[in-house]
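Protein sequence lines correspond, in order, to chains A and B. Just so we're aligned: the first sequence equals residues 0 to 321 in numbering that gives the first Met the number 0. Just so we're aligned: the second sequence equals residues 0 to 254 in numbering that gives the first Met the number 0.
Worth double-checking, as some hints may not be accurate.
To be verified - Straight-line Cα separation of at most 20 Å, DMTMM-like style, residue types lysine to aspartate or glutamate; simulated pairs:
id: 1; chain 1: B; residue 1: Lys104; chain 2: A; residue 2: Asp188
id: 2; chain 1: A; residue 1: Lys300; chain 2: B; residue 2: Glu56
id: 3; chain 1: B; residue 1: Lys104; chain 2: A; residue 2: Glu187
id: 4; chain 1: A; residue 1: Lys300; chain 2: B; residue 2: Glu146
id: 5; chain 1: B; residue 1: Lys144; chain 2: A; residue 2: Glu301
id: 6; chain 1: B; residue 1: Lys90; chain 2: B; residue 2: Glu146
id: 7; chain 1: B; residue 1: Lys90; chain 2: A; residue 2: Asp139
id: 8; chain 1: B; residue 1: Lys90; chain 2: A; residue 2: Glu231
id: 9; chain 1: A; residue 1: Lys300; chain 2: A; residue 2: Glu129
id: 10; chain 1: B; residue 1: Lys104; chain 2: B; residue 2: Asp73
id: 11; chain 1: B; residue 1: Lys24; chain 2: B; residue 2: Glu56
id: 12; chain 1: B; residue 1: Lys144; chain 2: A; residue 2: Glu187
id: 13; chain 1: B; residue 1: Lys198; chain 2: B; residue 2: Glu219
id: 14; chain 1: B; residue 1: Lys104; chain 2: B; residue 2: Glu126
id: 15; chain 1: B; residue 1: Lys130; chain 2: B; residue 2: Glu199
id: 16; chain 1: B; residue 1: Lys90; chain 2: A; residue 2: Asp188
id: 17; chain 1: B; residue 1: Lys104; chain 2: A; residue 2: Glu189
id: 18; chain 1: A; residue 1: Lys201; chain 2: B; residue 2: Asp73
id: 19; chain 1: A; residue 1: Lys229; chain 2: A; residue 2: Asp139
id: 20; chain 1: B; residue 1: Lys243; chain 2: B; residue 2: Glu232
id: 21; chain 1: B; residue 1: Lys104; chain 2: A; residue 2: Asp139
id: 22; chain 1: A; residue 1: Lys300; chain 2: B; residue 2: Glu219
id: 23; chain 1: B; residue 1: Lys53; chain 2: A; residue 2: Glu189
id: 24; chain 1: A; residue 1: Lys116; chain 2: A; residue 2: Glu187
id: 25; chain 1: A; residue 1: Lys116; chain 2: A; residue 2: Glu189
id: 26; chain 1: B; residue 1: Lys90; chain 2: B; residue 2: Glu155
These are calculated hints, taken from the structure and not from any lab test.
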Amino acid sequence: MHEKKVTWGRALIEIAILVALFTLVQYFITTGLLNRYYQINLTVMCINIILAVSLNIINGFTGQLSLGHAGFMAIGAYASVIMTTMLDQPFIIGILAACVIAALAGFIIGVPTLRLKGDYLAIATLAFGEIIRVVLQNIDYVGGPAGIVGIPKLTTWPLLFGATIITIVVIVNIINSSYGRAIISVREDEIAAELMGVNTTKYKVLGFVVGALFAGLAGAMYAHYFYIIKPETFNFLKSFDILVIVVLGGLGSTTGAVIAAVFITLLNAFLQKYAAVRMILYALTLIIVMIYRPQGLMGNKELSRKTFSRIWSGKNGPVRNK
Amino acid sequence: MALLEINNLNKSFGGLSAVLNFNFKIENNELVGLIGPNGAGKTTVFNLITGVYKPDEGNIVFVGQNITSLPPYDICSRGIARTFQNIRLFKDISVLDNVKIAFHKNVNYPLLSAVLRTGSFFRGETEIEEKAMEYLRIFNLDSKKDEIASSLPYGEQRRLEIARALATMPTLLILDEPAAGMNPNETNDLMELIQWIRKEFNLGILLIEHDMSLVMGVCERIYVLDYGQVIAEGLPEEIRNNKKVIEAYLGEEVE
Numbered sequence: 000m001h002e003k004k005v006t007w008g009r010a011l012i013e014i015a016i017l018v019a020l021f022t023l024v025q026y027f028i029t030t031g032l033l034n035r036y037y038q039i040n041l042t043v044m045c046i047n048i049i050l051a052v053s054l055n056i057i058n059g060f061t062g063q064l065s066l067g068h069a070g071f072m073a074i075g076a077y078a079s080v081i082m083t084t085m086l087d088q089p090f091i092i093g094i095l096a097a098c099v100i101a102a103l104a105g106f107i108i109g110v111p112t113l114r115l116k117g118d119y120l121a122i123a124t125l126a127f128g129e130i131i132r133v134v135l136q137n138i139d140y141v142g143g144p145a146g147i148v149g150i151p152k153l154t155t156w157p158l159l160f161g162a163t164i165i166t167i168v169v170i171v172n173i174i175n176s177s178y179g180r181a182i183i184s185v186r187e188d189e190i191a192a193e194l195m196g197v198n199t200t201k202y203k204v205l206g207f208v209v210g211a212l213f214a215g216l217a218g219a220m221y222a223h224y225f226y227i228i229k230p231e232t233f234n235f236l237k238s239f240d241i242l243v244i245v246v247l248g249g250l251g252s253t254t255g256a257v258i259a260a261v262f263i264t265l266l267n268a269f270l271q272k273y274a275a276v277r278m279i280l281y282a283l284t285l286i287i288v289m290i291y292r293p294q295g296l297m298g299n300k301e302l303s304r305k306t307f308s309r310i311w312s313g314k315n316g317p318v319r320n321k
Numbered sequence: 000m001a002l003l004e005i006n007n008l009n010k011s012f013g014g015l016s017a018v019l020n021f022n023f024k025i026e027n028n029e030l031v032g033l034i035g036p037n038g039a040g041k042t043t044v045f046n047l048i049t050g051v052y053k054p055d056e057g058n059i060v061f062v063g064q065n066i067t068s069l070p071p072y073d074i075c076s077r078g079i080a081r082t083f084q085n086i087r088l089f090k091d092i093s094v095l096d097n098v099k100i101a102f103h104k105n106v107n108y109p110l111l112s113a114v115l116r117t118g119s120f121f122r123g124e125t126e127i128e129e130k131a132m133e134y135l136r137i138f139n140l141d142s143k144k145d146e147i148a149s150s151l152p153y154g155e156q157r158r159l160e161i162a163r164a165l166a167t168m169p170t171l172l173i174l175d176e177p178a179a180g181m182n183p184n185e186t187n188d189l190m191e192l193i194q195w196i197r198k199e200f201n202l203g204i205l206l207i208e209h210d211m212s213l214v215m216g217v218c219e220r221i222y223v224l225d226y227g228q229v230i231a232e233g234l235p236e237e238i239r240n241n242k243k244v245i246e247a248y249l250g251e252e253v254e
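Can you make the complete structure from the sequences, with help from the hints?
If you want it as structure tokens, here you go:
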């Protein structure tokens with residue numbers, strides 16, 4: 000019980016830091032110090048964090064290469080917009096619908112495709128993402144290729160901040176539990192995991208469903224900030240963008256996914272000024288990082304209280320993963 | 000009732016019969032060895048018992064229940080655990096987490112409790128941690144609990160694999176060449192460890208081994224496999240003097 004008290008004490012400090020961060024940004028927004036341009040980048044950053052952290056549970060922790068994350072984001076975006084604009088429901092219902100329907104899609108796609116391994120799974124998920132896009136293009140109810148325009152701007156800073164934190168907390172809590180260890184055992188050695196009593200299919204699907212659920216959340220946030228959604232936004236290049244963030248941060252590191260999402264968003268924003276050479280510089284940065292940090296910025300390490308206390312006490316043991 | 004009974008097991012890969020009409024029996028708390036030249040089909044037998052491969056014919060009965068063709072995780076939860084010829088640890092995670100995964104099949108808090116960090120999560124995790132540490136202490140690995148599994152020396156990796164298998168609380172433990180790559184001293188320690196495990200945990204042990212001193216030293220009964228078929232079965236002394244076995248290992252005598 001003593002241990003639990005300590006955990007609570009630490010949790011309070013963390014909550015205090017988060018509240019401070021939130022209030023600071025909120026203050027900047029209300030006073031106008033953070034202009035619209037910065038606000039857009041901040042929104043993109045949070046959405047990228049949600050997408051990267053959620054893809055990381057599939058690609059990094061479960062070890063299943065998925066290239067269809069934009070497909071789940073599209074499902075979330077469209078589901079939430081249908082709820083809010085066409086069925087006149089409050090945004091919260093739209094968000095819940097986005098999460099539930101994306102998770103359901105993750106389940107339906109996951110059960111048959113997760114029998115496949117490596118490259119084959121990658122191709123299957125890639126195809127799934129494209130199917131979603133083409134299907135959306137051909138449904139007149141949601142505007143076909145032109146998409147839906149005039150979506151109310153309901154994604155506010157408090158909502159976005161809350162969604163980002165919830166995503167990170169839920170995924171970190173799952174990973175640091177017996178269920179998370181089961182998920183990681185699938186990545187480490189599927190046969191050994193199975194022979195240790197872990198139903199590997201079940202945990203692959205769990206990883207996939209959780210990842211899809213939060214991709215749906217990101218989709219809902221995205222749709223209600225940028226006024227317009229169209230199928231083309233969620234093509235396979237979008238999936239690759241998210242994958243790049245995850246690989247850059249380090250497969251299997253939530254901290255890495257967050258840092259890389261921030262880094263990539265800022266890099267993109269910075270390179271806007273150099274429109275002509277933007278993609279070249281972007282690609283060059285990625286190549287350089289991959290040459291010098293092939294395991295990603297964080298490897299599979301996490302930045303946690305333990306890390307800080309270790310740095311504090313001057314020890315830097317070989318402890319990894321937590 | 001036998002702990003494990005195998006009747007007429009057959010498995011072929013393409014045109015090659017890896018296991019042919021294999022019959023086998025192990026009683027509770029018995030220590031049985033399975034030996035044979037390279038490629039005789041020993042590991043295939045283990046893979047068939049643990050559900051990695053599905054047999055073409057025959058059945059496998061474990062404590063009175065037919066477990067033929069069940070998925071491996073189900074067979075594990077019924078009480079069969081194994082180690083591997085080429086160590087299969089969860090390499091990139093800590094020694095402690097390796098053992099903790101073995102307890103997952105009995106996890107006593109729901110996923111939601113993990114997400115919300117409720118009391119039952121903390122109680123469950125404390126319990127898992129204590130139990131896992133017990134197994135690490137038995138195998139003298141408790142001081143290395145935070146090290147990455149792949150960073151352990153070879154002998155300790157072997158021990159960790161046995162610890163992890165035992166943590167699933169089996170009634171039948173299957174060891175695939177546990178002494179492979181060990182020096183004579185380590186092999187001796189292992190022999191003692193195996194006998195101690197059997198007594199302490201009251202379980203049946205089936206082992207494949209090339210090291211004859213180990214097999215002859217600890218096993219009560221031995222099966223000899225060659226070209227997928229049992230060519231001899233009996234007490235260590237009988238096997239030692241069996242003509243067929245000597246031929247299988249050393250070849251026929253030239254007249």
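Each hint, compared with the structure:
As the CA atoms of Lys104 of chain B and Asp188 of chain A are separated by approximately 17 Å, the hinted pair is consistent with the 20 Å bound. In summary, the hint linking Lys300 of chain A to Glu56 of chain B is not supported, as the alpha carbons are separated by about 47 Å, beyond the 20 Å threshold. For the given pair, Lys104 of chain B sits about 17 Å from Glu187 of chain A by alpha-carbon distance, which is consistent with the 20 Å threshold. Straight-line distance between C-alpha atoms of Lys300 of chain A and Glu146 of chain B comes to about 13 Å, which keeps the hinted pair within the 20 Å bound.
As the CA atoms of Lys144 of chain B and Glu301 of chain A are separated by approximately 18 Å, the hinted pair is consistent with the 20 Å bound. Distance check on the hinted pair: Lys90 of chain B and Glu146 of chain B sit about 10 Å apart at the alpha-carbon level, within 20 Å; holds. At roughly 51 Å between alpha-carbon atoms, Lys90 of chain B and Asp139 of chain A are farther apart than 20 Å, so this suggested pair is violated. The straight-line distance between the Cα atoms of Lys90 of chain B and Glu231 of chain A is roughly 41 Å, outside the 20 Å bound, and the hint therefore fails.
Restraint check for Lys300 of chain A and Glu129 of chain A: the C-alpha separation of about 33 Å exceeds 20 Å, so the hint is violated. Of the pairs offered as hints, the one joining Lys104 of chain B and Asp73 of chain B holds, with about 10 Å between alpha carbons and a cut-off of 20 Å not exceeded. Using a Cα cut-off of 20 Å, the hinted pair Lys24 of chain B and Glu56 of chain B holds, with the two alpha carbons roughly 17 Å apart. A C-alpha spacing of about 18 Å is found between Lys144 of chain B and Glu187 of chain A, which places the hinted pair at or below 20 Å, so the restraint holds.
Using a Cα cut-off of 20 Å, the hinted pair Lys198 of chain B and Glu219 of chain B holds, with the two alpha carbons roughly 14 Å apart. For the proposed pair Lys104 of chain B and Glu126 of chain B, the alpha carbon gap of about 14 Å is at most 20 Å, so the pair holds. In summary, the hint linking Lys130 of chain B to Glu199 of chain B is supported, as the alpha carbons are separated by about 16 Å, within the 20 Å threshold. Taking the CA atoms of Lys90 of chain B and Asp188 of chain A, the gap is near 8 Å; set against the 20 Å cutoff, the hint holds.
A distance of roughly 15 Å separates the Cα atoms of Lys104 of chain B and Glu189 of chain A; the hinted pair therefore holds under the 20 Å criterion. For a cut-off of 20 Å, the pair hint linking Lys201 of chain A to Asp73 of chain B stands: about 13 Å separates their Cα positions. Restraint check: the Cα-Cα separation between Lys229 of chain A and Asp139 of chain A comes to about 12 Å, which is no more than 20 Å; the hinted pair holds. With a CA separation close to 11 Å, the supplied pair Lys243 of chain B and Glu232 of chain B stays within the 20 Å bound.
Taken as a hint, the Lys104 of chain B and Asp139 of chain A pair is broken in the structure, with Cα atoms around 48 Å apart against an allowance of 20 Å. In summary, the hint linking Lys300 of chain A to Glu219 of chain B is not supported, as the alpha carbons are separated by about 47 Å, beyond the 20 Å threshold. A C-alpha spacing of about 17 Å is found between Lys53 of chain B and Glu189 of chain A, which places the hinted pair at or below 20 Å, so the restraint holds. A C-alpha spacing of about 14 Å is found between Lys116 of chain A and Glu187 of chain A, which places the hinted pair at or below 20 Å, so the restraint holds.
Pair hint Lys116 of chain A plus Glu189 of chain A holds up; C-alpha atoms about 11 Å apart against a cutoff of 20 Å. Distance check on the hinted pair: Lys90 of chain B and Glu155 of chain B sit about 13 Å apart at the alpha-carbon level, within 20 Å; holds.
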